[in-house]
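Using the sequences plus the hints, can you model the full thing?
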Amino acid sequence: MNFNSLSYCLYLPVTLILYFLLPKRVKNPFLLAASYFFYMCWEPQYALLMLTSTGATYLCARLMAVTFLGRRRLWLILSLALNLLILFFFKYYNFTADLTGRLFALLGVPFTPPLSGLLLPVGISFYTFQALGYTMDVYRGELPAERNFIDYALFVSYFPQLVAGPIERSRNLLPQLKEPHPFCLQALFEGFTLFLWGMFKKLVIADRLAIMVNFAFDAPPGTYGGLQYAVAAAAFSLQIYCDFSAYSDIARGSARMMGITLMRNFDAPFLAGSIKDFWRRWHISLSTWFKDYLYFPLGGSRSKTALRRYLNLMAVFLVSGLWHGAALTFFAWGLIHGLFQVASGLTKNLRAKALATLRISPANRGLHVFRVVFNFALVAGAFVFFRAKSVMGALSVLKRILLDPLGGSVLAMGVTGRSFAAVLCAVVLLFAVDAQARKGDLAERIAGRRWLKYAVYFALLVGIMLFGVYGEGYDPQEFIYFQF
Amino acid sequence: MTGQHTNRLKEAAAFCCFLAALLGFVWLASALLIPHREVYGANWGGYAKEKRGSLDAIFFGSSIVYCDVVPAVIYDRAGIASYVLAGPEQTLTATEYYVKEAFRTQSPRLAAVEVNGAFYSEYTAYTKANIGYMPPSLNRLLATFRAAEPEERLGLLFPLVNYHDEWPHFQNLRYDADNLAGYTPMAEANQIGGIYERPVEAFSQAVFDRNIESLREIVRFCKSRDCKVLFFLAPNHQPWEGSYRAMLEEELKTIEGADFIDFNRRFDEEELSGYRDFYDPQHLNTRGAETFSAYLAGIVKSYVDTPREPDKTLWEERVNAFKTVRAE
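If you're matching them up, the sequences are chains A and B in order.
Going by my numbering, the letters in the first sequence line up with residues 1 to 484, in that order.
Going by my numbering, the letters in the second sequence line up with residues 1 to 328, in that order.
No lab work stands behind these hints: they were computed from the structure.
These numbers were taken from a predicted model, which means no experiment stands behind them.
Treat the hints with care, as some may be off.
Part of the chain A face toward chain B, derived, beta carbon under 8 Å [said to hold, decoys possible]:
no. : residue
1   : Arg418
2   : Leu466
3   : Gly471
No residue lacks a Cβ here, since even glycine has one placed at the ideal position from N, Cα and C.
If you want it as structure tokens, here you go:
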């Protein structure tokens, strides 16, 4: 059940009504059942996998609390091993087998490992990381092991963020699931604001940009001119941002309507002035997860040598790349971002000296604009690897952009001039909203003002109805992050 | 009144304003964005411009009707005001609702229904046009649920789903009276060889029974409105297979209160020629339509004993309009 489907638009209000009508003691069992139903709308049998992961992490965490049954570390390792093994088998086995086959072929050994025909379970990376985060929190003593299995299972499978995040922390979500959540009109309006804004970003911006992106990237590499590829790369960066942040907004909006606050996943990432800043604003729930559960345990920025620090950074970004998908393109994407970070660290003093020599203040507005644009270009360039079908394909696209920067016409990319103008206007609106959202919870501010709220709802609904990509003649695009 | 009550009232008022504005927008946008339709059937906009209660005969069915029947010629020959209210590849279930909807503004003496659709599949490719141009009414709603495939229903209930992408081309809201009264001219003459029978692909008894039931319902409905019913098969170089036509004829015989004419048996009387009168094997060109309509006029006259006084100016204009089309 996609968020941008009619079935979700029916499912959500029905679930909300029943949730508020039911007595408190059955609210969570009901939400758990609703969440499993939501998940089973994709592949019913994979709900068993989620249940296995939930049961294993629940049990291991409980056993960590009962010290006489063994050492805490043992249960931690068991929980990590089991979950990562499941993740590996369903997500990385074919990739590893393919690489192994190629390696043997290079060595001249006739061995091809068998491939698995299993489908990738939707959202497996998200719920596995959420459950693992909980196990590590319990291991570190930051949180007592949850006794109530229903509450814990709901924490893992809570439908708004189950399939594509935000990857919630147990410290944030579990206590909220235990609290009573009576009906609150203000929360409903706040949630609806987020929900509508998410729908607008998905249907008006992301899916319209997808037409241009698919046009350029689905053709054999080198088919189009450099300008067309540059526009497609920029369009894909905006598409994936709008697509993913739309999912997060709809998830946060759906949860907010129930009185539950999920963490913010994006903070105007394309207004960032550096790659480091970009990663503080992009997919926050994943980047902070890696920071808390991988970067810091590796030593983080407190490592004694710069080399070790940079190795830690590279490790985190390579794993982050592979987390997105089992392909060399994602590995390359992670690698590039790791290298960006290392280069940024290595040139930090040099850049400061250059600014001082040129007598440009670091707070200079023009400099900030230049940084934002330059940073966007770097991020968009790296996203070429994320979107391309192969590393060679991505390199061919980048080569074309560099060697033939004015090649091709933007209007020969599957969209009309008016459609292109419409999406440009929507992107300007997106940046304006992002800038406003940095000043505080925008949904709360809008929902708190009666006429403004309805004016915003009206404008968004009209925008979606007129300019949204839906109905006959369109290929409905799934949320990109579903595949992870 | 407490502050809380006042607050709630204001909230309710604001919500009602929002809802009204939204509904108003949806209505206006749907009307502005749906493409204008004046030819190839489903021309409800033009039909709505006909003076209430001014028509004596209405022709229903599929594209065969709007290509073959020229109301201007019928008027010229018989002095009877008629109209073609058909749709492309229209199923008989949809036709049932066309008949019922047509009677909301007219009270014809004759409803002539072309029945080639008896062997169409349950849904055809033009549901969106056939139902989507009907005026908002209970008949349209029933047609949406009974005659449209499930995946088309949302777009028929909310036309913006189908037409929202037409925003760069706003349409004229106004329709004028159709100067050909629902007829769509096909000028080209293509030489059609001999008559050969069209096979009924994937015949479904259930769909056929449903179609017959729609025809029965049309008769029941028309009877209640004191209107005669004529079922007919238009002249065609690709008639359905003989055994199926015989089966249809047998079924139609069981429907009391309606006549049936297979015009394929009267090719000679109609003076139609496969060399000059057909646009394609199933549709007549303007010349063929003129010839057939002149023949049809005599039959229509036998059903409409005392025709109403038609608007002579309008119908003379229509006769001239057809003559112009015919001359092109």
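To see whether the hints hold, each was checked on the structure:
1. Arg418: For A/Arg418, the interface hint holds, since the closest Cβ of chain B sits about 5 Å away, which is under 8 Å.
2. Leu466: Status holds, d = 5 Å.
3. Gly471: holds, 4 Å
Violated hints for the displayed structure: none, as all numbered hints are satisfied.
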